[in-house]
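Residue numbers (UniProt numbering), protein chains in the order written: chain W, 1 to 411; chain D, 1 to 411.
What you were told as hints is all true, and nothing was included just to trick you.
Computed list of lysine to any residue pairs in SDA-like fashion (alpha-carbon distance at most 20 Å, straight line):
hint : chain 1 : residue 1 : chain 2 : residue 2
1    : D       : LYS69     : W       : LEU347
2    : W       : LYS69     : D       : LEU347
3    : D       : LYS142    : D       : PRO130
The hints are simulated quantities; they were obtained by calculation from the structure and are not laboratory data.
Number of protein chains: 2
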Amino acid sequence: MQRRKVIGLAGAGVVGAATAGAVAWRSTANGEAAQESADRIAFYGERQAGIITPAQDRLHFVAFDVITKDKAALVDMLQSWTAAAARMTQGKEAGALGAVGGLPEAPPEDTGEALGLPPADLTLTIGFGPSLFDSRFGLRDKKPAALADLPKFPGDTLDPALSGGDLCVQACANDPQVAVHAIRNLARIGMGVVSVRWSQLGFGRTSSTSTTQATPRNLFGFKDGTANLKAEETSLLDDHLWVRAGDGPDWMTGGSYLVTRKIRMLVEPWDRTSLLEQETIFGRNKGEGAPLTGRSEFDEPDFAVRGDDGEPVIATNAHVRLAHPTQNGGARLLRRGYNFVDGSDGLGRLDAGLFFIAYQRDPRRQFVPVQMRLARQDELNEYIRHVSSGLFACPPGLLAADDFWGRSLFT
Amino acid sequence: MQRRKVIGLAGAGVVGAATAGAVAWRSTANGEAAQESADRIAFYGERQAGIITPAQDRLHFVAFDVITKDKAALVDMLQSWTAAAARMTQGKEAGALGAVGGLPEAPPEDTGEALGLPPADLTLTIGFGPSLFDSRFGLRDKKPAALADLPKFPGDTLDPALSGGDLCVQACANDPQVAVHAIRNLARIGMGVVSVRWSQLGFGRTSSTSTTQATPRNLFGFKDGTANLKAEETSLLDDHLWVRAGDGPDWMTGGSYLVTRKIRMLVEPWDRTSLLEQETIFGRNKGEGAPLTGRSEFDEPDFAVRGDDGEPVIATNAHVRLAHPTQNGGARLLRRGYNFVDGSDGLGRLDAGLFFIAYQRDPRRQFVPVQMRLARQDELNEYIRHVSSGLFACPPGLLAADDFWGRSLFT
Ligand code: HEM
Ligand code: HEM
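Could you build all of it, start to finish, from the sequences and the hints given here?
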């Protein structure tokens, strides 16, 4: 049932619509293929994949509302999701492609559009939103304090319909069709239990999450991810990324908190500003990504340096100064965002921006204070608008094939 | 000024925000690089690139309204667009990345987000919509009869704000950031002259346009593009794709007409149907893409064959029967569509579908009759909705560097 094998098979070889459904692909269910592949990322492990995994090129992110009050149905779905996710991340289909159990009337258990495509480094990362911990499923006592709703930030223009969610799944892959296929099949499996609340495609990663990756550029043309937390900085990750025993409820130990912000970028006004202004706003130059006080990308910015005019070379309201750990009690984030273009806005402009994603040990001490400072002072605010917000608790990884997403939370 | 060279350059090496803008990248303007590249598609040629070019993986399509009444300004912009398009398709920036003409206050002539990215097979294809030929620019006499507005089709649920347009540009590339960068820079160059009317990203091509390409799958999981016109079928292209001398006004000879239809696909109901029903609707099987009367993908469908039950094996209302040339007076299309997912629809469903693109010699004899038949009878209609429509006249290619988009039309 591995995609690349399926595709090579000859057709059913039987004419007649009445029988085609029943026989197609029957011969493809020939067990697992153990072989390793360069573009396949392990699903099982101590941590969920998709956090420190070197950021893939494409994103399909989805937030779901749970529409049942039946906890058993929800747990059941999470079990089915886990099984499908374990398969899909390894380049297999979510389930049977043909008639299920020989019943020609049963819908296929996989939608088919990823047939023939490689695993493409697909990762699927699950998170649980604050709203899941209301009265419906008896989870109040399990709610981590760190999952407190985000405060309203100055300038926020959030659309509630594009924010929040009981559950989220982040699908990252190097082929968008693979990421879309995965989300779509999870939504299919979840019919009647969950409903898509909002969903976002991202096409160009805007952060490197590993020192092995070159730094990509965001839609303002700047390198993005330079001063990011990186997968290789293991002791920093222990301090800033992974939840520790004692931080909160046990089920989150080894997990991480995810903040998403859909940030519209007003590209047209930006494109009318000078390079000088652009570089002043970020505090880095555009070509190299070097801090304005340095020569190359990875030079540490020096916020004390003043220019000939006596002004700080990295302006007091420059983005990298305001976001820097030294200005935020040492707070760091693992950023993992993607560019988006959602068509146009009806006012003659592209509806484009950054789907900001950040993982951390505790949003109350990391995302919240950093964003509060940015929201108050960042010169960049003239060119951006936060339009959606999400907060999710992402548990640790699954170690065994009989474990499933949410087991430690629900049982 | 070639992207891959720019990226390798050392930083400006000058600290101080006051000067960074002025000097950055100055040293990069070191002329053209003549070298050929595997992922670079010629901009100049008898035909516009992006029509029979083997379909690239990603799309950014944009329709513009002209917002000036000044014909000279429009012509001027088309000249600037052509120069920028010739550069960008070759992997160069649209213009200067640094301070233009040494003026630190001037905005850069390229937005920068494609720095370091390869040409990625970028093609930019221009088209002129029916509305351009109204009274504004004195083009009434030059309007081809084949550019008559499309009729309303049964079942159409078009959004006028997402339809039409005076001009369009189709950007196809194997990297979405490259396609987005190109459209965004054309929009930037066009400020004050044109305004984005609507714009669409597509992530998975749904047609092969060359016999060298494997057939991709659409979001219903079926192979799409099997019976497409292919680049290699040159005599069919002469009959069905390219406008001939005498077909209409001279300026379109050697060009082609483009129809776009944004077609929402109701994936959730589709995912609840059986494989049998899915295959009956298309008239092909899902695994191989073979016609239900054949064994392998490229077998000719035989519409006369009946099954044991006496019914036609390929149903009378099956998509491939209704769309087949033998049912449409021989009409053929060169399809070049892309899958899209535009988030969700607020009703718990993915907003997904096919951005249908077809090129042809005369829509009145090709797209219109085929779509009329499909709109009336296709069983697929239960699962799709046409939400946007576009029609554009795409002139032939440019042969010389002093020619420009629209010259034969405007002068
Ligand atoms: C559209 C909005 C944003 C854009 C275009 C943007 C862009 C950038 C750029 C170009 C850099 C410098 C390169 C780098 O180190 O990655 C940067 C750094 C950074 N940004 Fe943002 N950013 C945005 C929003 C945010 C938000 C909402 C946060 C968190 C609340 C944030 C946190 C950071 C942090 C922590 C750094 C590293 C600062 C340092 O340690 O030097 N950014 N951003
Ligand atoms: C969401 C809407 C649509 C879907 C999912 C779809 C899908 C397909 C599929 C799976 C095939 C068979 C494989 C192939 O030959 O490519 C096909 C064939 C075809 N389709 Fe569509 N199609 C859609 C809309 C349209 C429209 C709007 C037109 C034109 C008005 C069209 C024209 C054709 C043609 C001409 C063929 C080839 C028929 C033949 O010669 O056998 N399709 N389509």
